[in-house]
Amino acid sequence: MELPSGEERLKYKCSLSVCPNPLCNCRELTLSMNLDKELSSADGPEKATVSFDVDGNKLNVGKTPTGDIPFARRILEHMDESDWKILWQTYYALKRGYAINTPIEDLDFDFNKIYGCDYGAVDGGKMICSDDVFPFSEKLLLEINGKTCVAMPMFCLALDCKCTDAALEIQTPEAHEFYLTVCIDYKKGVFSEYNNSQWHDKDLTKDMLASILLGVYPDLLERLQEKHRRLAKLYKISRAKYFKGGKNKNKWNPDAPFDSLGEPLEDNWNCNDSFDTLAETFIREKSKIGRNDPCPCGSGKKYKKCCLK
211 MELPSGEERL KYKCSLSVCP NPLCNCRELT LSMNLDKELS SADGPEKATV SFDVDGNKLN
271 VGKTPTGDIP FARRILEHMD ESDWKILWQT YYALKRGYAI NTPIEDLDFD FNKIYGCDYG
331 AVDGGKMICS DDVFPFSEKL LLEINGKTCV AMPMFCLALD CKCTDAALEI QTPEAHEFYL
391 TVCIDYKKGV FSEYNNSQWH DKDLTKDMLA SILLGVYPDL LERLQEKHRR LAKLYKISRA
451 KYFKGGKNKN KWNPDAPFDS LGEPLEDNWN CNDSFDTLAE TFIREKSKIG RNDPCPCGSG
511 KKYKKCCLK
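Note that this note's numbering has the sequence shown beginning at 211, numbered continuously upward.
It should be emphasised that the hints constitute simulated quantities derived from the structure, not laboratory data. Check the hints yourself; a few may be wrong.
[Unchecked claim] Straight-line Cα separation of at most 25 Å, BS3-like style, residue types lysine-lysine; simulated pairs: (1) K273 x K295; (2) K349 x K273; (3) K221 x K336; (4) K454 x K443; (5) K372 x K412; (6) K323 x K454.
[What the hints assert, rightly or not] Across the chosen pairs, the derived CB separations fall in these ranges: (7) K412 x A303: 35 to 41 Å; (8) K454 x E403: 22 to 28 Å; (9) P280 x D411: 17 to 23 Å; (10) R439 x V360: 19 to 25 Å.
Ideal Cβ placement from N, Cα and C applies to all residues, glycine included.
Work out the full structure, taking the sequences as your base and the hints as a guide.
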């Protein structure tokens with residue numbers, strides 16, 4: 211890295227690092243700098259450490275050593291949008307590398323941290339989005355009517371459930387209120403439970419969507435099976451750790467996730483039951499915070515990028 215110092219230059223040998231936990235979505239990238247005295251024509255700090263928030267495009271003051279902050283601010287003065295883009299790409303590539311190479315057995319994730327969820331809810335059949343747990347796994351991107359969309363796969367992780375279903379929620383990044391869902395049995399290759407009521411194009415049929423998905427991802431069924439396998443394995447390990455040694459052995463209270471209870475819904479199903487068996491579900495009076503809604507903490511970020519992590 212080269213920095214101007216008046217009419218002279220400072221040159222540094224740099225290395226970039228991120229948190230090695232592939233399940234952590236902290237968005238922190240650390241720059242370690244060592245002055246190259248032979249190539250520098252001015253005096254500067256021999257060493258410096260700078261932490262960047264690559265989501266907010268700003269200095270991470272809390273993680274940057276106090277003595278390095280003035281020099282770090284000087285670096286930021288010479289950065290533009292292209293520099294931040296490079297930092298983001300580097301951050302994602304490093305985290306993606308950890309995601310690929312870290313064995314599931316070495317990971318630790320608390321499913322209680324997922325909004326509106328706990329181990330009892332998952333045991334009861336609540337479907338979990340794999341992208342919420344593995345933020346750096348390969349995303350399922352596709353184009354529908356000229357718009358880039360992301361398909362977020364959700365799976366049942368109940369230990370006594372042997373289903374091979376994946377529920378895909380498909381959204382456009384710029385308009386989260388538009389989405390459609392489809393359920394896929396990746397073992398049988400059957401597309402079912404299609405719902406496009408919240409999609410702007412009501413002419414998009416289930417068969418058309420299946421054709422688009424399989425056209426982009428000919429190995430879609432295998433991808434979904436692998437995502438389900440990894441997520442289920444992590445859940446089994448995490449659940450065992452959570453209840454290990456008699457800790458947290460209290461049985462799950464099905465009323466706990468709800469602030470208040472209303473009347474049972476008459477039309478719902480649970481993954482542990484057959485589709486013709488109605489599951490007892492309750493209406494919550496307070497509105498649920500969506501993944502893409504503003505975070506209630508007041509940070510201004512989307513909930514999925516703030517407290518949901």
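So, going through the hints one by one against the coordinates:
For a cut-off of 25 Å, the pair hint linking K273 to K295 stands: about 21 Å separates their Cα positions. A distance of roughly 29 Å separates the Cα atoms of K349 and K273; the hinted pair therefore is violated under the 25 Å criterion. Restraint check for K221 and K336: the C-alpha separation of about 54 Å exceeds 25 Å, so the hint is violated. Restraint check for K454 and K443: the C-alpha separation of about 16 Å stays at or below 25 Å, so the hint holds.
Our distance criterion of 25 Å between C-alpha atoms is broken by K372 and K412, whose separation comes to about 33 Å. Of the pairs offered as hints, the one joining K323 and K454 holds, with about 18 Å between alpha carbons and a cut-off of 25 Å not exceeded. Checked against the hint of 35 to 41 Å, the C-beta distance between K412 and A303 comes to roughly 39 Å, which is consistent with it. Between K454 and E403, the C-beta spacing of about 36 Å breaks the proposed range 22 to 28 Å.
Taking 17 to 23 Å as the suggested C-beta distance range, the pair P280 and D411 does not conform, at roughly 53 Å. Against the hinted window of 19 to 25 Å, the Cβ-Cβ separation of R439 and V360 comes to about 21 Å, which satisfies the hint.
Comparing the model with each earlier hint shows violations of hints 2, 3, 5, 8, 9; every other hint is respected.
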